[in-house]
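One-letter residues, chain by chain:
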Amino acid sequence: MSWNDTEPMVSIRDVYKSFGTLEVLKGISLDVMKGEVICIIGPSGSGKSTLIRCINGLNDIQAGSILVEGQEVNDPELDKLELRKKVGMVFQQYNLFPHKTALENVMMAPIRVLKHDKEIAKKAAIELLCKVGLEDKEKAYPGEMSGGQQQRVAIARSLAMNPDVILFDEVTAALDPETVNEVLLTIKRLAEDGMTCILVTHEMGFAREVADHIYFTDGGLIVEHGNPKNFFENAKDPRTKEFLSQIL
Amino acid sequence: MKCHPYKTDLPVMLPYKPIETENFGSTIKLWYAVPIVALILGTSAIAQSGSDIRLGAVQTLMRWMPLLLQGFIFNVLISVMAMAIGTGLGAALGIGQLSLNRLVRSSSWLLTQFFRNAPWLVLLFFAMFLLPFEVNIFGIIVPLPDWVKATIGLALPVMANVSEIIRGAVLSLPSGQWEAAESLAYSRRQTLWLIILPQCLKRMLPPWMNLYAILTMATVLASIVGVSEVMTLTGEALAAEGGRPDLLAPFYAFVLLIFFVYCYPIARLTVRLERKFSVIN
Numbered sequence: 001m002s003w004n005d006t007e008p009m010v011s012i013r014d015v016y017k018s019f020g021t022l023e024v025l026k027g028i029s030l031d032v033m034k035g036e037v038i039c040i041i042g043p044s045g046s047g048k049s050t051l052i053r054c055i056n057g058l059n060d061i062q063a064g065s066i067l068v069e070g071q072e073v074n075d076p077e078l079d080k081l082e083l084r085k086k087v088g089m090v091f092q093q094y095n096l097f098p099h100k101t102a103l104e105n106v107m108m109a110p111i112r113v114l115k116h117d118k119e120i121a122k123k124a125a126i127e128l129l130c131k132v133g134l135e136d137k138e139k140a141y142p143g144e145m146s147g148g149q150q151q152r153v154a155i156a157r158s159l160a161m162n163p164d165v166i167l168f169d170e171v172t173a174a175l176d177p178e179t180v181n182e183v184l185l186t187i188k189r190l191a192e193d194g195m196t197c198i199l200v201t202h203e204m205g206f207a208r209e210v211a212d213h214i215y216f217t218d219g220g221l222i223v224e225h226g227n228p229k230n231f232f233e234n235a236k237d238p239r240t241k242e243f244l245s246q247i248l
Numbered sequence: 001m002k003c004h005p006y007k008t009d010l011p012v013m014l015p016y017k018p019i020e021t022e023n024f025g026s027t028i029k030l031w032y033a034v035p036i037v038a039l040i041l042g043t044s045a046i047a048q049s050g051s052d053i054r055l056g057a058v059q060t061l062m063r064w065m066p067l068l069l070q071g072f073i074f075n076v077l078i079s080v081m082a083m084a085i086g087t088g089l090g091a092a093l094g095i096g097q098l099s100l101n102r103l104v105r106s107s108s109w110l111l112t113q114f115f116r117n118a119p120w121l122v123l124l125f126f127a128m129f130l131l132p133f134e135v136n137i138f139g140i141i142v143p144l145p146d147w148v149k150a151t152i153g154l155a156l157p158v159m160a161n162v163s164e165i166i167r168g169a170v171l172s173l174p175s176g177q178w179e180a181a182e183s184l185a186y187s188r189r190q191t192l193w194l195i196i197l198p199q200c201l202k203r204m205l206p207p208w209m210n211l212y213a214i215l216t217m218a219t220v221l222a223s224i225v226g227v228s229e230v231m232t233l234t235g236e237a238l239a240a241e242g243g244r245p246d247l248l249a250p251f252y253a254f255v256l257l258i259f260f261v262y263c264y265p266i267a268r269l270t271v272r273l274e275r276k277f278s279v280i281n
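First to last, the sequence lines map onto chains A and B. Everything in the first sequence is counted per the working numbering, starting at 1 for the first residue and increasing by one. Everything in the second sequence is counted per the working numbering, starting at 1 for the first residue and increasing by one.
Keep in mind that a hint or two might mislead.
[Said to hold, decoys possible] Subject to a maximum C-alpha distance of 30 Å in a straight line, what follows is the list of computed BS3-like cross-link-like pairs (lysine-lysine):
(1) Lys-202/B / Lys-118/A
(2) Lys-202/B / Lys-137/A
(3) Lys-188/A / Lys-85/A
(4) Lys-236/A / Lys-26/A
(5) Lys-122/A / Lys-34/A
(6) Lys-131/A / Lys-115/A
(7) Lys-276/B / Lys-137/A
(8) Lys-202/B / Lys-139/A
(9) Lys-276/B / Lys-139/A
Quick caveat, the hints were computed from the structure, so don't treat them as lab data. Nothing here was measured: the structure is a model prediction, and the numbers come from that model.
The shape of chain A in the complex, shown without the other chains:
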């Protein structure tokens, strides 16, 4: 399953997407190499979340191409389940299964979807909970945990599928300020371990520190992109400058 380093793991070309008459993506292209961390930033309604939801087929696109490890996502014949085994996703609202404990949330998909042995999956799930710093929350239900803890379980749940790339959709936007850092730290460790990450985020400091590449979207287009240093210090487009001046 491992993807080579020379071709982009995710390759997006001229993607168009509209909801009815509302055009959300108007020709977006970007590449993500294996092990890369890219951040997509931009004002609300600029199509950031829609874009990453297209990568695992939660949204379909009208035109263009999205290749994940060489496989076309915009193919009606595509086996979406196979795609989603490779592409993990973490949501703004965590979306943990409230009727299952933290441990069950993490180990359920490997057992039911990947058909892993129950004991092995359980052991792996316990290790993952340790990795996100929640070894004492195995038996806790989502309703009994803070937002930050729930989000870390959600990250562990996604990791349990052993994906090649993980999509993070504004994962700290719904959190209390004091719990944002514990989640960002978890993601940062993942990135350092070499996980390919595509993040939609409003955390500029985090993007600057962790990202290999930053894309700025506005009005359904990528207005500007570059490495964090260049992007934050030498933004050229007036829209980027205006956005950064409001945020920083």
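Dock chain B against the given chain A, drawing on the hints supplied.
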């Protein structure tokens, strides 16, 4: 009630609650006392107008009570069976309404809407007069007595309502649950059975219990088509007593009372569950 515990010369109606709670003890709630009081007051008031040779209304009622209670047990039996059949069929129909297959989805929808918007009594008549009195299943003749037909007739609207309860509960879950399951590569069937429906059970319980209480009260419709349930037996008992008008009120009050005693706790429990779940969700 010649003397009352309150001394007042104001022309106001005195509350009788303290008196009644003394009589019935603190364990019986006021709500239960109301129909019992109505029954006894009605009985004694009318009994006084009866002649001395005949038994008083209360004694007459006492004599018939075992039979009437048997009839009520029959009502309960019909309601439980109609609920079981209706829930089974309704569950299939409700899940059918969520199918991705257009034909399955639209036919489930049509069936649900048809039986949900039909008067129960008409469905009951339909079942009574369209179903044969016996069916031949692989050479075995199975008789279909009236009460079985009535049960089937009542199960039809239950089925449609259960179908809607399931569809409503599934739609009431946040879409994030579907998306999370999808992005973890669960198949649609796994998503429905492992993630969505288990969460819906809690949401479905209060409306399902509510439906059961309504069904139980609707079982008396079976008297119209001649099933020997409590209403039919009450009518027959009254006829056997020679149609004494003084018996009407106590007999039917008794029937009301047993339905109340059976259905009210279900209603209370439903309200409590609704409150509990609304706090959690």
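Tested hints:
This hinted pair checks out: Lys-202/B and Lys-118/A have alpha carbons roughly 27 Å apart, not beyond 30 Å. For the hint pairing Lys-202/B with Lys-137/A, the CA-to-CA distance comes to about 24 Å; that is within 30 Å, so the pair holds. With a CA separation close to 22 Å, the supplied pair Lys-188/A and Lys-85/A stays within the 30 Å bound. The suggested pairing of Lys-236/A with Lys-26/A holds, with an alpha-carbon distance near 21 Å, which does not exceed 30 Å.
The straight-line distance between the Cα atoms of Lys-122/A and Lys-34/A is roughly 28 Å, inside the 30 Å bound, and the hint therefore holds. As the CA atoms of Lys-131/A and Lys-115/A are separated by approximately 23 Å, the hinted pair is consistent with the 30 Å bound. Note on Lys-276/B and Lys-137/A: the hinted pairing holds, with a Cα-Cα distance of about 25 Å set against a maximum of 30 Å. Between Lys-202/B and Lys-139/A the CA atoms are separated by roughly 21 Å; this keeps the pair inside 30 Å, and the hint holds.
As the CA atoms of Lys-276/B and Lys-139/A are separated by approximately 22 Å, the hinted pair is consistent with the 30 Å bound.
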